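Chains as they are written, first to last, in my numbering: chain A, 1 to 252; chain B, 1 to 249.
Derived by calculation from the structure, the hints in this document are not laboratory data.
Note that the coordinates shown come from a computational prediction; the quantities given were computed from them, not determined experimentally.
Don't take each hint at face value.
[Unchecked claim] Listed below are several chain A residues computed to face chain B (Cβ distance under 7 Å; list not exhaustive): (1) Gly156; (2) Ala160; (3) Val164; (4) Ala166; (5) Ile170; (6) Phe174; (7) Pro178.
[What the hints assert, rightly or not] To spell it out: a stretch of chain B is covered by chain A in this simulated footprint if at least three of its residues, at any positions, have a beta carbon under 8 Å from a beta carbon of chain A; those stretches are: (8) 90-104; (9) 160-173.
Don't be surprised by glycine CBs; every beta carbon is placed ideally from N, CA and C.
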Amino acid sequence: MAWFKRRHIITTLLLTIIVLISMRAMEFDLTKFRDFRNMIEFLSGWYPIDTEIIPRMIMESLDTMAMAFLGSFLGLVVALPLAFVAARNTSRSPFLYGTFRIGLSFLRSVPEIVFGLILLTALGLGPFPAVIAIILHNIGVLGKLISELIEAADIGPQEAMKSVGASRWIANLFAIIPQIWPNVLSHYFYRFEVAIRTSLILGFIGGGGIGQQLFNHFKTFQYQAVAVDVLLIMIMVILVDFAGSKIRETVI
Amino acid sequence: MENNAIIELQNISVEYPGSDHFAIEDLSLTMETGEFICVLGKSGAGKSTMIRCLNGLQIPTEGHVLFEGNDITAYKENKLREVRTNMGMIFQHFNLIPRLSVMQNVLTGTFGKRNDVLSLIGYFDQKEREQARKAIDAVELSPHTNKRVEHLSGGQKQRVAIARALLQRPKVFLGDEPVASLDPGTANRIFQLLKRIHEKHQLLTLINVHDVNLAKKYATRVLALKDGKLIFDGKPERLTEELLETIYE
Ligand SMILES: Nc1ncnc2c1ncn2[C@@H]1O[C@H](COP(=O)(O)OP(=O)(O)OP(=O)(O)O)[C@@H](O)[C@H]1O
Ligand SMILES: [Mg+2]
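All chains, full assembly: derive it from the sequences and hints.
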């Protein structure tokens, strides 16, 4: 039958082998869940949640939100113009295009935590190095994603703007941005959501916010406080996701 | 030759990079204000390439393009932009800016003449808005002024594109198969509109068409291209069955 070509069988075999090798390396063994009673016991220690600290933890969560928002938003603000230089169709020269592509790849390839640890040495503990780390990484990620949207934009409106005699930048702005805007927004909100999770990790290295609280509560075995932290984090992620889809709806 | 020639092509050839043949080969032509020219030719004959040479979207690999007596082939981008502001152009797929309203799309016709911060944020003054309203009125779209363009029919979209071109106050009106995606009735009405604008504003109009009947009905002069070469240049009455066969064979 034409549906199952030899190529498909080979692909399946290869995938299976890679999965098996990876499982071996990861000591992947479901029988280990024999001890799941321990986990239940551990989790039961989370209840009842520590209601007293809720107001203070909400304030910490707002810090985390601010960190994630600033990091992703300033990342977007810088990434948007850079993306035009890093897109083949709008870049002024192949040299600039190549240089910016590589620059964005570099930013993307360095994890936030590494930026954070490096910046700590200069800026000291606190949320500021964490925000900068998130900005840098997001410039790399959003810059690449947006430059791909620019490259895929319909050429028609760009031709029309050229033919009225518009300058390059006006043509780009008016012919491309309205086309890609909804997709830029959904990329942005996804990165916002990711930034919330990232800022938790950065909290572990002294970035502040709910992440740092979570880390401290864990270290000092205050599991009823941990429960509060986890709940608040879940609420934040859901809220951002919800706000993102609402805003996107009004834009489309 | 009288000197109301507005565009002159002097032995232009276009060869796209990586291609093994000329898209346009040794083409010479003079076009005058007041002419309504239709260009015939089958797919790949070079119609789009020729029209794009007229407003400098394509620079010929050889030869010269003169606009009002000035050779534009050597122009830098800035001077070319200035030339383009004199030429309105419409397209087969309308090339409107999606998600903007009719009004906003029409106002983009002013972008050639202004290049300031205000246009960057899309600010237009009273005079420009008034001109846009007039242009929208001229293409009979006033009831749709604030609609988003993707909610319009094909014929209406092309009218928006025409209004946008009108806002340039052009001397030349170019159309690259502007009715190829429209039904015959709508196509005919678009041509009526183009003819009306042509006469009112004393333009040179040059339109690529597939439909020979439209060319016969509206053109004052017909050009035919085949494999990048001009094989006919004359009054539409002179188009014979035999000629049409050669064009489209
Ligand atoms: N960007 C390009 N790169 C390479 N070759 C091209 C390019 N554009 C057009 N050509 C070639 O140049 C020739 C003329 O093309 P052109 O688009 O001008 O024809 P046309 O008459 O407009 O055809 P159609 O009716 O299909 O629009 C064709 O052989 C085409 O393949
Ligand atoms: Mg064409």
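Hint check:
With 7 Å as the threshold, the beta carbon of Gly156 of chain A comes within range of chain B, its nearest partner Cβ sitting at about 4 Å, so the hint holds. Among the interface hints, the one on Ala160 of chain A holds; its C-beta lies about 4 Å from the nearest C-beta in chain B, closer than the 7 Å criterion. For Val164 of chain A, the suggested interface contact is upheld, since its CB lies about 5 Å from the closest CB of chain B, less than 7 Å. With a cut of 7 Å, the hint placing Ala166 of chain A at the interface with chain B holds, because the nearest CB-to-CB distance is about 4 Å.
At about 5 Å, the closest approach between the beta carbon of Ile170 of chain A and any beta carbon in chain B falls short of 7 Å, and the interface hint on this residue holds. For Phe174 of chain A, the shortest C-beta to C-beta distance to chain B is roughly 6 Å, which falls under 7 Å, so the interface hint holds. Proximity of Pro178 of chain A to chain B holds as hinted, the smallest CB-CB distance being about 5 Å (cut-off 7 Å). Note: the stretch 90-104 of chain B has 9 residues with beta-carbon separation from chain A under 8 Å; the three-residue rule is met and the coverage holds.
Given as covered by chain A, the stretch 160-173 of chain B passes the check, having 4 residues with a CB less than 8 Å from a CB of that chain where 3 are the minimum.
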